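Here's the letter readout for the chains.
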Amino acid sequence: MAVGASSMAGTQQCFNQDSIARTLYIGFSHAAPSRGYRQFVLERRPVPRYAVSGLNRGRTSPSSGRPGQGATSGRASSPPAPGLCFGALLATAAVQCGSGGETPTQRGWKQSCASLFPVGWDGWFVFQVALLDIDICGPSIPKMMGLEGEQVHQSGSGWSPVYVEENLCVMSVGFLLSSPDDAVIWRGPKKNGLIKQFLRDVDWGEIDYLIVDTPPGTSDEHLSIVQYLGATHIDGAVIITTPQEVSLQDVRKEINFCHKVKLPIIGVVENMSGFICPKCKNESQIFPPTTGGAEKMCQNLNVSLLGKVPLDPQIGKSCDKGRSFLSEAPESPATLSYRNIIQRIQEYCDQHHFHEEKII
Amino acid sequence: ERSNLAGVRHILLVLSGKGGGGKSTISTELALSLRHSGKKVGILDVDLCGPSIPRMFRVQDNDVHQCDSGWVPVFVDQDKSISLMSIGFLLEKPDDAVVWRGPKKNALIKQFVADVAWGDLDFLIVDTPPGTSDEHISTVEALRPYKPLGAILVTTPQAVSVGDVRRELTFCKKTGLRVLGIVENMSGFVCPHCSECTNIFSKGGGEELAKHAGVPFLGCVPLDPQLSQSLEEGRDFIQEFPKSSAFPALAHITQQILDGTAQQSS
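Chain order of the listed sequences is A and B. Take 1 as the starting number for the first sequence in the numbering used here and just add one per residue. Take 361 as the starting number for the second sequence in the numbering used here and just add one per residue.
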């Protein structure tokens, strides 16, 4: 498998001061705009894709500890020791949704985490954001981030996540599939194995926010991620719903799940909350809040409502094209909602850390 | 001993790669539509983490009883023309989360398939959760001896949703499940104020996928707040809103299924 320029993902690795102080800067993939400057090019071997049709080639065995074991390309050195390596992780927000289908919102506000502080080439303060997609059966993040066709590369320090921007990287099973038709037909234990590998073997570097996108439901993936990240720290969960009772019904279960596993809830986001007709500008409730919507539910369950995001056809279009909705439609009321929600999440995380530091 | 599924003439699975695309809505509307065509229908809800079906028929507070042949499904009305089974009926409190790993889910699905006394049904619709995991593998394996008619795949028009349904198509191929067709749901919204049609979730993705994959395209169902409201309140949309924009689409889908079964028997 040739490592061509177009298939190399951009990466910036900041080793901590004690280790080798070098900034490796590799050309961006075609999906992200080129920054126009390169420093080093590190030879990377891509993690070979495998047909995920129930064949276990040892890659997802939790005990293997070595990504690509059994792979044809071979590897020179071993990855970091097993165990979670999130020393540099500052905040993790697990994004959960009850009934699914709310991913445009997730993508919108995740992107904006990265874009809130402009990245000038000499800019100092920038959030490093990582997005981990553990929806193993339905990995949508690569498409939404414009990273379809990208591969995961591996090096001495592990698997490299795929970079969208300098400060935004992604890991998803989608990058390991060789065709968009490949289905991941796995039972729970195998999915758990891959999630563990994602956490243990991906070289995230130093990040400020790790956002974990989960599939709908309260099953293997959710239990596993909480379990595996239990040793570090999950700041909290953001739960996405629509105004409909059928969605709230499931979200109440998600809230219950969070209580059961002692996962703090940062808050709930009500997505697809109203639609403004582009022609007559009247508002319609496409998904009527027959039982009071997320607002009432949050009041009843004493959970914060982080915000409401209205339906904007541009969101779907941007996601399908893999572009940032926030950049494409900065004036949209949905953009404003997203930004407010992110602000609130950041405030929650900041307060939380401040509080923890005080205790220590 | 006669199996509990021996009296079921046709088994239909409703699948979707993505969540939130309207699988349960389509399952419900299909059941109502088939009932209006004089058929006896059962719905088996194997979405164990997010069981939506009971509420859509306003029977979420009902209990499941036992009989000699197993569990008695919940009937939605006096006529007993639609019967349901869902984990929703087995939860003590409706907000109780079912936080189970795969093996436990598999065990319950096997029970749902073998131990529900459906009696004589024209159609058993199986509503699934999104994805291609434990529930799907177990359901297809458990139903295999009864030769299901096939699967209906529900997508929204967006490429992101279509992307997941492509994987669902692969699942069907690999498990030998016939694809009856693709439904493109939430396909367009007609503003009630000015009648302008906006493609909120884009348009055409489902139809394109059907063409690309060589499977029948069953139709586009538009976004209709009246439909959403009916489902929320457990009312019969087909009966109450025959003039709605979603009605002809649903009727057309049902007709194609009925035609398909007629062809099969001849």
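Hints are computed from structural coordinates only; laboratory data are not their basis. These figures come from a predicted structure and were not determined experimentally. All residues carry an ideal CB built from backbone N, CA and C; glycine is no exception. Wrong hints could be hidden among the right ones.
Said to hold, decoys possible - A few chain A residues that don't get close to chain B, going by computed Cβ distances all over 10 Å: (1) Gly149; (2) Asn256; (3) Ser304; (4) Glu331; (5) Leu336; (6) Arg344; (7) Glu347; (8) Cys349.
What the hints assert, rightly or not - Using 30 Å as the maximum straight-line C-alpha spacing, the simulated DSS-like pairs for lysine-lysine come out as follows: (9) A:Lys321 / B:Lys563; (10) B:Lys470 / A:Lys260; (11) B:Lys563 / B:Lys453; (12) B:Lys453 / A:Lys260; (13) B:Lys563 / B:Lys533.
To be verified - Here are some, though not all, of the chain B residues that point toward chain A, as calculated from beta-carbon distances under 8 Å: (14) Ser363; (15) Asn422; (16) Arg461; (17) Gly491; (18) Arg526; (19) Thr530; (20) Gly548; (21) Phe549.
Item to check | Proposed interface contact between Arg526 of chain B and chain A, which counts if any beta carbon pair is under 8 Å | outcome: Interface hint status for Arg526 of chain B: holds (5 Å vs cutoff 8 Å).
Item to check | Given as non-interface: Gly149 of chain A, partner chain B, CB spacing beyond 10 Å | outcome: Its Cβ never comes within 10 Å of chain B, the nearest being 13 Å, so this holds.
Next on the checklist: Using the nearest Cβ pair, does Asn422 of chain B come within less than 8 Å of chain A?
Outcome noted: At 16 Å from the nearest chain A Cβ, Asn422 of chain B fails the 8 Å test, so the hint is violated.
Checklist entry - Would the stated hint for Gly548 of chain B survive a check requiring a Cβ distance to chain A of less than 8 Å? => result Hint on Gly548 of chain B: violated, closest Cβ of chain A at ~10 Å, above 8 Å.
Checklist entry - Does Gly491 of chain B pass the interface check with chain A, least Cβ-Cβ distance below 8 Å? => result holds (4 Å)
Checklist entry - Is Lys563 of chain B close enough to Lys533 of chain B, meaning Cα to Cα at most 30 Å? => result holds (26 Å)
Next on the checklist: Using Cβ atoms and 10 Å as the threshold, tell me whether Glu347 of chain A really stays out of contact range of chain B.
Outcome noted: Holds, because the least Cβ-Cβ distance between Glu347 of chain A and chain B comes to about 28 Å, which exceeds 10 Å.
Item to check | Hinted pair Lys563 of chain B and Lys453 of chain B, Cα distance within 30 Å | outcome: violated (39 Å)
Checklist entry - Beyond 10 Å from chain B, beta-carbon-wise, is Cys349 of chain A? => result For Cys349 of chain A, whose nearest Cβ neighbour in chain B is about 25 Å away, the distance exceeds 10 Å, so it holds.
Checklist entry - For the hint on Ser363 of chain B, does the least C-beta distance to chain A fall short of 8 Å? => result Given a least distance of 25 Å, the restraint on Ser363 of chain B is violated.
Checklist entry - For Glu331 of chain A, is the shortest beta carbon distance to chain B beyond 10 Å? => result Fine: 18 Å to the nearest Cβ keeps Glu331 of chain A off the interface.
Checklist entry - Beyond 10 Å from chain B, beta-carbon-wise, is Asn256 of chain A? => result violated (4 Å)
In summary, the numbered hints that this structure violates are 2, 11, 14, 15 and 20.
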